[in-house]
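J.: Reading the sequence shown from the start, the letters are residues 1 to 642 in UniProt numbering.
Honestly, I wouldn't trust all of these hints.
[Claimed, not checked] Simulated pairs of lysine-lysine, DSS-like, Cα-Cα distance not exceeding 27 Å:
#1 594 to 471
#2 133 to 169
#3 134 to 170
#4 371 to 358
#5 115 to 234
#6 133 to 190
#7 201 to 169
#8 338 to 371
#9 234 to 200
#10 170 to 133
#11 338 to 326
#12 380 to 339
#13 398 to 385
#14 169 to 206
#15 170 to 206
#16 108 to 234
#17 471 to 418
#18 170 to 190
#19 190 to 234
#20 112 to 200
#21 471 to 358
#22 358 to 338
#23 234 to 193
#24 389 to 306
#25 550 to 594
#26 271 to 336
#27 475 to 358
#28 601 to 234
#29 179 to 193
#30 190 to 169
#31 475 to 338
#32 371 to 550
#33 550 to 398
#34 380 to 471
#35 190 to 115
#36 418 to 371
#37 234 to 110
#38 206 to 193
#39 179 to 110
What the hints contain is simulated information worked out from the structure, not anything from laboratory work.
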Amino acid sequence: MTSHLTAVTQYSLSPPLNHHSLVASTIRSTRRNNRDPAAANAIRGPQSALTNFLAAHNISAQQIHQDYQRRVREAQEQADAEAAADSQDKENESQEDGDDVDLAERQKRKRKEEKALLKIKQSKEFKRRKFDKKARGDVDASDDDAIARNMMAKAVPMPGQFENCELCKKRFTVTPYSKTGLLGGLLCGKCSKEMKDDEKKEALAKKKKAAAPRGRRRQTESDRMMGDVKPGAKSLVEVCVRRVANVVHDIDEFGDMPQNIMDRLSQILSKQRVITPRVLELFLRSDGDRIVVYDCGKLETEDFQKMFAFMPNVETVNLRFAGQLKNNVIEYMADKCKKIRHLQMGAANLVSDESWIKLCAALGPNLESLKLSELNDSFKDDTVKQIVKHCPNLRRLKLRSCSHMTEASIKHLANLSKLEHLTLAVAQQDTSPTSLVSLVTSLGPNLRTLCLEDYIELDDAVINAIRDNCKNLSKLRITGSSTVSDQAFSELFGGTSVIPPLSYADLSDNRDIDNMRPDGPEDAPIGFGDQGLQSLMLHSGDKIHSLNLKADRHISHAALLATFDGVKKYPFLSDVDLSFVTQIDDVVMSGIFKSCPALSKLVVFACFNARASRIPAGIAVIGLPNAQDNIIQEGGLDMRDL
């Protein structure tokens, strides 16, 4: 009975036999039982009882065998389908990402595969299969690699059988979810989990590695917006400055750092919004004459007072977003800092008009430059009048977004006879063209830069006053007008104009605002158009460095082609903004690249017809979504390709 049970157990654990093996096994067992009557009688009793039990419950041995064969067949079909799918995925992945696979990893896999093939070639099963193929007369019987690879692909145990783990050699039960190792063998549950964790770590590492170029590209795009597209590495000074900015919280003092480097550090730290009271102390020097902070958003009132107490000899003060600057600080500065010559404040809305008057009275004739912006609660017309009275030697004045200023302030400013640089973006709705004509007539002969921003009612009379009086201009900004004609702009740079060639011209947003006629009136074109462009480039093309024609939508395609034809040269033009000039296309852009050999920055937002133009290396083209892909990487511009 024991021998019978052992035989049954071995049969249940052994691989399935074919019909010939089953018959031979049955014959051998019958012969042994006939030779041993005692054993035959011992077996015949339990067999008879088992047979009766199976018959009573409608259980057939043939049915059991058929069900087993069916399960084996389904498992084999499932395994073959999964293997085919994995093979197809690996093939597709290798085709798509073949160039990205690391060479060392491929060599490692190849060595492991060769080792597995060598191990299979040394097995008895390999020799038997090779002998059978030779016996059948197969022509490829000598191809050992083909036989070994076929064995490695098909020698996969079916679910329910036992197998040794490829890594730890531990014996385990094969399931449909058993993972395949690098050598083609199966892995146990523990090793499968470890391998899966390793794959996750590798994927995460690759993701982090791939994220680094995006960070670098973000910095590159930021530099491109600033016009910095010099090929190659940054200068040593720039690298050091950026490194210092990254570890500024670990620095005790800047030492004898030059002032221009400190200004660059202030720009970087202000952009990162990390200028705190602790960082501010690094910029304070008792012997310094200049303090520049572009973002004072994190500074308190005490920090401003400390600033002026620590630097009594300061001459240049530039404080932006100074929301916590109050009257007591302004009065303290007026009392202690008598040498201030250049003053710039932004968003100092807690300072009253009385404090501004006290400060200007204290600084008096020494004040040469005054720049104020975003003042919503102070700086009324009377304050402007007092400033003109106490500071007659002002040479540079910039006023932007001062809400309480009216046309009366414009009239007071006409008395500053020594002004050389004037920028006004105040009282745009209240100021009449007559006041602007009077202002330009009074100050025009000494002005070197003139900026009148967003004065909608600015008309041809103001342009004619500029043409007749501003004989020393090098920078002109006239923006936001909807009444100046194209003919007036043309005459501004031609005929009897006294304006010398300009180095900076900003004539953006000058157009007819009637949406019912997007091209403007035909009889008398409004805004900066074809005549103005041709006259400007003929007048200042040899000297101009920066040109801004944003949103001048009445410029035609023909005028652009005539101006930037590739034959005319503008040797110093390096910064051009043609955003929202819808006539810009690839041909015009190619002409710009040819006509402007010194070009470093071109802005073309909303120029939807320009998409495929080839961009020379070293030029920042901003506004095109695919500009990075169109850059010529050879370092030079091949004129035959344009």
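J.: Indicate, hint by hint, whether the structure satisfies it.
T.: Okay, the hints, checked on the actual structure:
For the proposed pair residue 594 and residue 471, the alpha carbon gap of about 32 Å is over 27 Å, so the pair is violated. Taking the CA atoms of residue 133 and residue 169, the gap is about 32 Å. The hint is violated against a cut of 27 Å. Distance check on the hinted pair: residue 134 and residue 170 sit about 36 Å apart at the alpha-carbon level, beyond 27 Å; violated. Restraint check: the Cα-Cα separation between residue 371 and residue 358 comes to about 17 Å, which is no more than 27 Å; the hinted pair holds.
Taken as a hint, the residue 115 and residue 234 pair is broken in the structure, with Cα atoms around 49 Å apart against an allowance of 27 Å. Straight-line distance between C-alpha atoms of residue 133 and residue 190 comes to about 39 Å, which puts the hinted pair past the 27 Å bound. In summary, the hint linking residue 201 to residue 169 is supported, as the alpha carbons are separated by about 24 Å, within the 27 Å threshold. At most 27 Å may separate the alpha-carbon atoms for a hinted pair to count; residue 338 and residue 371 meet this at roughly 18 Å.
The suggested pairing of residue 234 with residue 200 is violated, with an alpha-carbon distance near 36 Å, which exceeds 27 Å. Annotation: proposed proximity of residue 170 to residue 133 is violated, straight-line Cα distance about 34 Å (limit 27 Å). Among the hinted pairs, residue 338 with residue 326 is consistent with the structure: their alpha-carbon atoms are about 19 Å apart, no more than 27 Å. About 26 Å separates the Cα atoms of residue 380 and residue 339, which keeps this hinted pair within 27 Å; it holds.
Taking the CA atoms of residue 398 and residue 385, the gap is near 15 Å; set against the 27 Å cutoff, the hint holds. Taken as a hint, the residue 169 and residue 206 pair is broken in the structure, with Cα atoms around 31 Å apart against an allowance of 27 Å. Note on residue 170 and residue 206: the hinted pairing is violated, with a Cα-Cα distance of about 32 Å set against a maximum of 27 Å. At roughly 38 Å between alpha-carbon atoms, residue 108 and residue 234 are farther apart than 27 Å, so this suggested pair is violated.
For the proposed pair residue 471 and residue 418, the alpha carbon gap of about 15 Å is at most 27 Å, so the pair holds. Taking the CA atoms of residue 170 and residue 190, the gap is near 10 Å; set against the 27 Å cutoff, the hint holds. Restraint check: the Cα-Cα separation between residue 190 and residue 234 comes to about 50 Å, which exceeds 27 Å; the hinted pair is violated. Using a Cα cut-off of 27 Å, the hinted pair residue 112 and residue 200 holds, with the two alpha carbons roughly 22 Å apart.
Restraint check for residue 471 and residue 358: the C-alpha separation of about 36 Å exceeds 27 Å, so the hint is violated. Proximity of residue 358 to residue 338 is assessed by CA-CA distance (about 12 Å); at most 27 Å being required, the pair is judged to hold. The hinted pair formed by residue 234 and residue 193 fails the criterion: a straight-line CA distance of about 46 Å is larger than 27 Å. This hinted pair does not check out: residue 389 and residue 306 have alpha carbons roughly 30 Å apart, beyond 27 Å.
Among the hinted pairs, residue 550 with residue 594 is consistent with the structure: their alpha-carbon atoms are about 21 Å apart, no more than 27 Å. Annotation: proposed proximity of residue 271 to residue 336 is violated, straight-line Cα distance about 30 Å (limit 27 Å). As the CA atoms of residue 475 and residue 358 are separated by approximately 33 Å, the hinted pair breaks the 27 Å bound. This hinted pair checks out: residue 601 and residue 234 have alpha carbons roughly 18 Å apart, not beyond 27 Å.
About 9 Å separates the Cα atoms of residue 179 and residue 193, which keeps this hinted pair within 27 Å; it holds. As the CA atoms of residue 190 and residue 169 are separated by approximately 12 Å, the hinted pair is consistent with the 27 Å bound. Taking the CA atoms of residue 475 and residue 338, the gap is about 32 Å. The hint is violated against a cut of 27 Å. In summary, the hint linking residue 371 to residue 550 is supported, as the alpha carbons are separated by about 25 Å, within the 27 Å threshold.
For the hint linking residue 550 to residue 398, the alpha-carbon distance of about 22 Å falls within 27 Å, and the restraint holds. For a cut-off of 27 Å, the pair hint linking residue 380 to residue 471 is broken: about 32 Å separates their Cα positions. Between residue 190 and residue 115, the direct Cα distance comes to roughly 24 Å. Compliance with the 27 Å bound is thereby established for this hinted pair. A hinted pair counts as satisfied when its Cα atoms are at most 27 Å apart, and residue 418 with residue 371 qualifies at roughly 16 Å.
A distance of roughly 42 Å separates the Cα atoms of residue 234 and residue 110; the hinted pair therefore is violated under the 27 Å criterion. Taken as a hint, the residue 206 and residue 193 pair is honoured in the structure, with Cα atoms around 20 Å apart against an allowance of 27 Å. Proposed proximity of residue 179 and residue 110 is supported: the alpha carbons are some 20 Å apart, at most 27 Å.
Hints 1, 2, 3, 5, 6, 9, 10, 14, 15, 16, 19, 21, 23, 24, 26, 27, 31, 34, 37 from the earlier list are contradicted by this structure; the remaining hints agree with it.
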